[in-house]
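Protein chains: 2
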Amino acid sequence: MRRIVLLALLSLTLVGGFVESATGQVDALPSWNEGPSKKAIVEFVKQVTKEGSPNFVAPAERIAVLDNDGTLWSEQPAYFQLLFAIDRVKALAATHPEWKDQEPFKSVLAGDMKGVLAGGKPGLAKIIMMTHAGMTSQEFDRIVKEWIGSARHPRFKRPYTELVYQPMLELLSYLRAQGFKTYIVSGSGVEFLRAWAEKIYGVPPEQTIGSRLKLKWELRDGKPALLRLPDVDFIDDKEGKPIGIQQNIGRRPILAFGNSDGDHEMLQWTAAGTGLRLMGIVHHTDAEREWAYDRESSVGRLDKALDDARQKGWLVVDMKRDWKVVFPFEAK
Amino acid sequence: MRRIVLLALLSLTLVGGFVESATGQVDALPSWNEGPSKKAIVEFVKQVTKEGSPNFVAPAERIAVLDNDGTLWSEQPAYFQLLFAIDRVKALAATHPEWKDQEPFKSVLAGDMKGVLAGGKPGLAKIIMMTHAGMTSQEFDRIVKEWIGSARHPRFKRPYTELVYQPMLELLSYLRAQGFKTYIVSGSGVEFLRAWAEKIYGVPPEQTIGSRLKLKWELRDGKPALLRLPDVDFIDDKEGKPIGIQQNIGRRPILAFGNSDGDHEMLQWTAAGTGLRLMGIVHHTDAEREWAYDRESSVGRLDKALDDARQKGWLVVDMKRDWKVVFPFEAK
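Those sequence lines, one after another, are chains X and B. Numbered per our numbering, the first sequence finishes at 332, counting up by one with no gaps. Numbered per our numbering, the second sequence finishes at 332, counting up by one with no gaps.
A few of these clues could be false.
A pair counts as met if it fits within one copy or between any two copies, since identical chains are not told apart.
No more than 16 Å apart at the CA atoms, straight line, and that leaves these computed lysine to aspartate or glutamate pairs for EDC-like [to be verified]:
#1 K214 x D233
#2 K126 x E146
#3 K39 x D308
#4 K100 x D221
#5 K312 x E162
#6 K238 x E162
#7 K90 x D112
#8 K214 x D112
#9 K223 x D308
#10 K216 x D307
#11 K304 x E34
What the hints contain is simulated information worked out from the structure, not anything from laboratory work.
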């Protein structure tokens, strides 16, 4: 029987799958170790989906919101969207000879990350605007798809989309199978996410919420286009997350998962509703298989939200202890 | 057999229903007269849902966007949300004695619509901000629900939610039964719409797109709230409609319905996609059962979009000719 379980595990696809366990029960979360985290998730889902239960929630109200960077995929050594922007600067350098002498582009082209970061937020904003604006939404979609299909992560030498967390893919599938509507609520750009999130996570563009640039309507030879302007419209981080949820969904989630202080308000907003709810944090505790960081990290800092989670009894998932497998490729 | 059809028609609920026609075929649009408009809709839906058809569209891509004012419910003698705001000024007047001498409130309280309109957009903005901002999203939801449950339309002496178009309710149900995701894309405030649109149209809050005020995150005694600020965040009208669609849905619709020049860009955006699509306009031609207006109306002006529709062969629904029944109460 164990051999069958193993074979089933090996056949897991990126979008997850259900595995029959040794007891004959279907296990929707085979990459989660048996323990308090898995138990808390399964128990919560059972409670809210069981008709007649005092905690029953109608399917229309089963809204689940999950952060992306550090919650569904890795975010080290830097947010992958920033790595995209840096690659994009390099790709565009030939048509911008002036960048050789202009910061922050000069440092980017020299591969000098310290120099890039020395420019602070204004420097990063220049990089983002130069690489993310000035084209239509359709053109940007194509640019991101090309990059995501060809770029490789510096440590793992694999496409970034392989650095997604197998246990979280299983959680997404499990929630959807139980009538939840799964949303991504990310600080990343929404059009960056949408270029690949549906294929990788099974989350459609209309359930992907993120930061936005302003868009401009244009008629080009009578044909309409939406142009991405170098002007921030909305930052979907910290207090922006509940605001983005209210603007886009208009219902309060009953489940929220994050991994950093940027998710704190989203977790608080979810927690403040009535009835049973689940607030979860992915705690990066596995330097060997992934990374270990929390309070001192400049990327994905987890400090106040961790204190709050412990005080309020939110679920803190310990990656090292709770996850049998981190990335899908480990199972292959 | 005709008697059976009639009985079935009489049993139609607000969310529409399917009726067996005299030929034995299920008629999903019983309140539409047989003719070119009904035929165009049914033919389009058949084409895009028929597997193997060159025009087949996968369910995930079957996005339908419909304006609200003048497309799903009436908008005369003024947009119903403005009538809500005016009623709200009256309800709040007791706690604002200063309004007796302050425009535009003075004119509102005197029932002097000309005086209200004399204040132009700044005057209307004052009315909207005073009645729509300064409370949480939850409080506003309750205020709108109370009003919509008790207010009566001046001409029909019925709740505003009874002034929805029976043929459009049937269209919404028909599209959903055929795998479409139906969205409202309205110039009205999104939180005004969400307070009642799900119950009336079967369109959930996450598929309702509209204009927005800015929201502010607040902790009140540790409990989070989203406060509606007197500051416009987004106007979902004209070029705002395709922008709102791109921000919220991230896919181009294959069907769009509107009734005024405010919907023109949404119709153009929909039309500019590849593959078969349906662009429709509700033309108000029935002064007896509803209203008759187009190019000269200050509410719901239909001028350029009508020219464009005729030039490009978009569907122009003639309310008087095409609709057997306008409002659900006529069938009862």
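Hint-by-hint comparison with the structure:
1. K214 x D233: For K214 and D233, the Cα distance is within 16 Å both inside one copy (5 Å) and across copies (12 Å).
2. K126 x E146: Neither: 22 Å inside a copy, 48 Å across copies.
3. K39 x D308: Answer is neither; intra-copy 21 Å and inter-copy 59 Å both fail.
4. K100 x D221: For K100 and D221, the Cα distance exceeds 16 Å both inside one copy (36 Å) and across copies (53 Å).
5. K312 x E162: Classified as neither; 33 Å inside a copy, 46 Å across copies.
6. K238 x E162: Classified as neither; 27 Å inside a copy, 41 Å across copies.
7. K90 x D112: within (13 Å within a copy, 64 Å between copies)
8. K214 x D112: Classified as neither: same-chain Cα gap 30 Å, cross-chain 39 Å, threshold 16 Å.
9. K223 x D308: between (51 Å within a copy, 13 Å between copies)
10. K216 x D307: Intra 42 Å, inter 24 Å, cutoff 16 Å: neither.
11. K304 x E34: Classified as neither; 28 Å inside a copy, 64 Å across copies.
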